[in-house]
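For reference, the chains in residue letters:
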Amino acid sequence: MMVSFEGYSDGGISLQGFVQASISSPQSLSTHIEESLSCCANGFIKINANVDLTPKASLGGIGFVFQNRQVTSVRAMSELLRFNLAKIGKTLAIRYAKVYHLDELKGLPFRPVCSVKLRMPHSSEALRIVFPLLNGTDLVSCMLVCKQWRDIGEEDYFWKCLCVKHWPSICKSSTPLPRSYRELFQMFSKRCRPRLHSCPILSFDDLDFYIDIWDEEKIVFSEVIPGSFLQGGTKDLPPRVSERHKNYLNSSHYKMIIPVDPKFCIFSETVSVSILICRKDTNKMAYIFQKSKLILLYEGYPSNNLDFGSPIEEISGFLPWVYLLFIVDEDDGPVVNVFGIGLDFGRDAASEFGVLSLLQMIDWG
Amino acid sequence: MSSTKIFLKSSDDKTFEIDETAARASETLKNIIDGGCLDGVIPLPNVSSNILPKVIEYCKKHGGDNGSSKKIANGGVDKDKEILPDYDEEEDKREKVRVDELKKWEEEYMDFDQQVLYDLMLAANYLHIKGLLDLTVEKAASMIRGRTPDQIRENFNINSDFTPEEEEEMILIEDEWDDEWAFD
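Line by line, the protein sequences give chains A and B. Count along the first sequence from 1, add 246, and you get the number used in this note's numbering. Counted from 1, the second sequence has number -2 at position 12 by this note's numbering; the numbering is strictly sequential.
Since the hints were derived computationally from the structure, they do not count as laboratory data.
Pair by pair, the computed Cβ-Cβ distance ranges are:
1) B/Thr149 with A/Phe599: 49 to 57 Å
2) B/Asp(-1) with A/Lys393: 33 to 41 Å
3) A/Cys417 with B/Lys79: 41 to 49 Å
Simulated pairs of lysine to any residue, SDA-like, Cα-Cα distance not exceeding 20 Å:
4) A/Lys393 with B/Thr134
5) A/Lys393 with B/Asn141
6) A/Lys411 with B/Glu124
7) A/Lys530 with A/Val470
8) A/Lys393 with B/Ile138
9) A/Lys393 with B/Met156
10) A/Lys393 with B/Ser146
11) A/Lys393 with B/Phe148
12) A/Lys393 with B/Arg133
13) A/Lys393 with B/Glu140
14) B/Lys125 with A/Leu379
15) A/Lys530 with A/Asp451
16) B/Lys82 with B/Glu92
17) B/Lys125 with A/Thr383
18) A/Lys393 with B/Asn145
All values derive from a computational prediction rather than experimental measurement. Even for Gly, the Cβ is constructed at its ideal location relative to N, Cα and C.
Work the whole structure out from these sequences, hints included.
Set out below in structure tokens:
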């Protein structure tokens, strides 16, 4: 009987080389497992095992050996793996899938095995290593090369890699996303056109905001903020906040402020932001910022008159802003400490209702 | 330096010899050696005798190497150097010569057809030789980046196996992406 299952590990974990399948069953099985393991540096693993099972037996467990030094917790690793057991003839239960760190192997009865045979055509595995390095356009070109390349390109893992590059917070959502990563990426790769949709009236409770902020290329903030939380906002300001911030916060138009705790620091002048919004009532997603630069205005730096805001972004004809609230710490040279993020839909959306009406109109894919 | 010999057996049962120091360029071999799992010959059923000498050649060049290949990845410039107080110009020059020499060696080393490229990439992946994996993956990616499906087929010597109907559908997808691409 052929058992075949596959798993993905989430992002950037390097799985390498060894698989050890162990059979532990009440019956002593005349069992022969010949694993066929193929795995890539990007974390995709696929295992085919030939198992000679007697009718009542079950596969006791499958162990994986990881060589990645960064993986310190075995438990954390096993949580990253999800298995789908393909049914072949009858259902086989996998009781556990344990992940071993190499250090743990010492003292275990089995050794790292080299009796691993690749059964997939070589090129498929090679492509799985190369594809995560490509951008969306190149990946689509690859899918048009031949059937084998197309089938591999359809694996959502590569699209997840691309999505995570653009919106790191996307994998922090506790609820599953409404669409596959491929659909999401392809949807957002199309330029937004102003389009009116008739859909239910929005409420903040229906919205999740995926917010990512980069200081140059370094990600400094990456969270999923529920709409209701954004709506509540913050009123408490640190004592040393600048006049400019006070003026902004006291201005009459409607804005949403999220407190940032712990604070993050900004060192460069190139700060960019991405915001995706997911509406849970219709399971649709849209973006309002895609790595947009926040403009840094200064008056006599390092005084407190810095100003981070992102004006120039026009989506469906309205102007949202992202505004960073910060204090400048002079103790170890001037350091910009961000304690809040403001989201502002401009003067056309001067109330909660105005903001929701605008959000209603953007291109929900 | 230890000059213990390690024996590796390819998938087609040919045995090759490699110095332990060179073998340590491979994380997989290093772990087998350190884990005390070494009894005589290490079988490598994923690596054929065509590819194994090529892998060994790379390991010999990079065994005991600590960092020159990393500098190549950074474009040959070590940024940290500039802020070091005891910055040694002579040493820097010698380092540059070493890096240039290694670059040239890598260029010659990487001159082979794409079937070798696949096999070498998989061997590097299996044996966990990061430098070699990066080198091969980057070469494959550079044969894809910015190219049309036709050019990719030519580079990898692939024939399209799509039906005429599928072809037509493909052209539509391709056009859409050309027109509408908003990222990257």
